[in-house]
Amino acid sequence: MKSSAELQKFVRTQSRSYSTSSPGTKARSFLKSHIKGRTSRMSSKHKGHSSRMPEEGSPKRSPQNIPYKDLPHIINADGQYLFCRYWKPAAPPRALVFIAHGAGEHCGRYDDLAQKLTGLNLFVFAHDHVGHGQSEGDRMVVSDFHVFIRDSLQHIDLMKKEHPELPILILGHSMGGAISILTASERPSEFSGMLLISPLVVASPEVATPIKVFAAKVLNFVLPNLSLGSIDPNAISRNKKEMESYTSDPLVYHGGMKVSFVIQLMNAIARIERALPKLTLPILVLHGSSDKLCDIRGSYLLMDTVQSQDKTLKVYEEAYHALHKELPEVSTSVFTEILTWIGQKVSAAGETSHT
Numbered sequence: 586m587k588s589s590a591e592l593q594k595f596v597r598t599q600s601r602s603y604s605t606s607s608p609g610t611k612a613r614s615f616l617k618s619h620i621k622g623r624t625s626r627m628s629s630k631h632k633g634h635s636s637r638m639p640e641e642g643s644p645k646r647s648p649q650n651i652p653y654k655d656l657p658h659i660i661n662a663d664g665q666y667l668f669c670r671y672w673k674p675a676a677p678p679r680a681l682v683f684i685a686h687g688a689g690e691h692c693g694r695y696d697d698l699a700q701k702l703t704g705l706n707l708f709v710f711a712h713d714h715v716g717h718g719q720s721e722g723d724r725m726v727v728s729d730f731h732v733f734i735r736d737s738l739q740h741i742d743l744m745k746k747e748h749p750e751l752p753i754l755i756l757g758h759s760m761g762g763a764i765s766i767l768t769a770s771e772r773p774s775e776f777s778g779m780l781l782i783s784p785l786v787v788a789s790p791e792v793a794t795p796i797k798v799f800a801a802k803v804l805n806f807v808l809p810n811l812s813l814g815s816i817d818p819n820a821i822s823r824n825k826k827e828m829e830s831y832t833s834d835p836l837v838y839h840g841g842m843k844v845s846f847v848i849q850l851m852n853a854i855a856r857i858e859r860a861l862p863k864l865t866l867p868i869l870v871l872h873g874s875s876d877k878l879c880d881i882r883g884s885y886l887l888m889d890t891v892q893s894q895d896k897t898l899k900v901y902e903e904a905y906h907a908l909h910k911e912l913p914e915v916s917t918s919v920f921t922e923i924l925t926w927i928g929q930k931v932s933a934a935g936e937t938s939h940t
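If you read the sequence shown in my numbering, its first letter stands for residue 586, the second for the next number, and so on.
It is worth saying that the hints were derived from the structure and are not from the lab.
Keep in mind that a hint or two might mislead.
Unchecked claim - Derived DSBU-like pairs (lysine-lysine); straight-line CA-CA distance at most 35 angstroms:
| id | residue 1 | residue 2 |
| --- | --- | --- |
| 1 | K701 | K896 |
| 2 | K746 | K826 |
| 3 | K877 | K654 |
| 4 | K825 | K877 |
| 5 | K746 | K877 |
| 6 | K825 | K896 |
| 7 | K899 | K863 |
| 8 | K645 | K746 |
| 9 | K899 | K645 |
| 10 | K826 | K899 |
| 11 | K645 | K745 |
| 12 | K654 | K701 |
| 13 | K863 | K746 |
| 14 | K877 | K863 |
| 15 | K899 | K825 |
| 16 | K863 | K826 |
| 17 | K645 | K701 |
| 18 | K825 | K863 |
| 19 | K701 | K745 |
Said to hold, decoys possible - Label pairs and their in silico Cβ distance ranges:
| id | residue 1 | residue 2 | range |
| --- | --- | --- | --- |
| 20 | A933 | H839 | 35 to 45 angstroms |
| 21 | T890 | P644 | 45 to 55 angstroms |
| 22 | G814 | G935 | 27 to 37 angstroms |
| 23 | L886 | D729 | 38 to 48 angstroms |
Note that the Cβ used here is the ideal one computed from N, Cα and C, for glycine as well.
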């Protein structure tokens, strides 16, 4: 593993022709990125690149008006700057873990979980999706849901290039669960495990009635930026402290969800239905029985459809959506479940690599 000083010397190159398939010559060139240190926890700055190299004094700033040159980030294939976080263990890492956050939130909300994972000597990394948190893009707007998958694979490839000997696992919550499923289905044999917390797999029957679906499609043509209802913070967690933290977080998007974004979520759900039979990797799914945001029936469907031999669904009775932010008796159990499961998969992956 390279030292932080060596990481800072990692050279950047340019290309717009990024592909989610196995990297060829252009993709390998694309994956060379610039990494600069900021802190011991976020020790590197990864940059994917557009066709023209930005000057060191780049005027690009985050939505919070912070120069991106002062933030860890990558640049995606569309030239958009995505804010990144890195949680590096003190000891040599045993594996990489990529976290995909949910709709409207940001990767900083996974700091407590990531810190616990570093205790297992896992190198955890994440980024704010396009249109979220400290990344560029109109708030909660994406041209195609696949942009989220493409950007995730770009970031994963950057880290795999730097740590080719390490197994990698993917963890996603809510919409991040949908991103994780579709990302894993693009590279079915690349991941040593996938962990999903309250994943978006099917549309809620109350929301996706035929009339409402038809109306959304019509509105997408005439008023794609029309704002619909916002995410109800009361449905996030029963933990009042966590709910207050969510509602007061300036990096969380509290506005209405646009019609165009809802259409992209519907498109993602259709893709997931086709992707599930491709999955054979180990899977752990955690879901609350009282989740009002992501229908638990999606998790049951996932368990029935994937081809994985190693698959587990654990249901938390009466728990809401963000299990890792739930009442202490739930969140403590969730953390224990995650740490135990990931520890076992990393150990198994390590044994396989040595046989």
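- Against the structure shown, which of the earlier numbered hints fail to hold, in ascending order? 2, 3, 5, 9, 16, 18, 22 and 23
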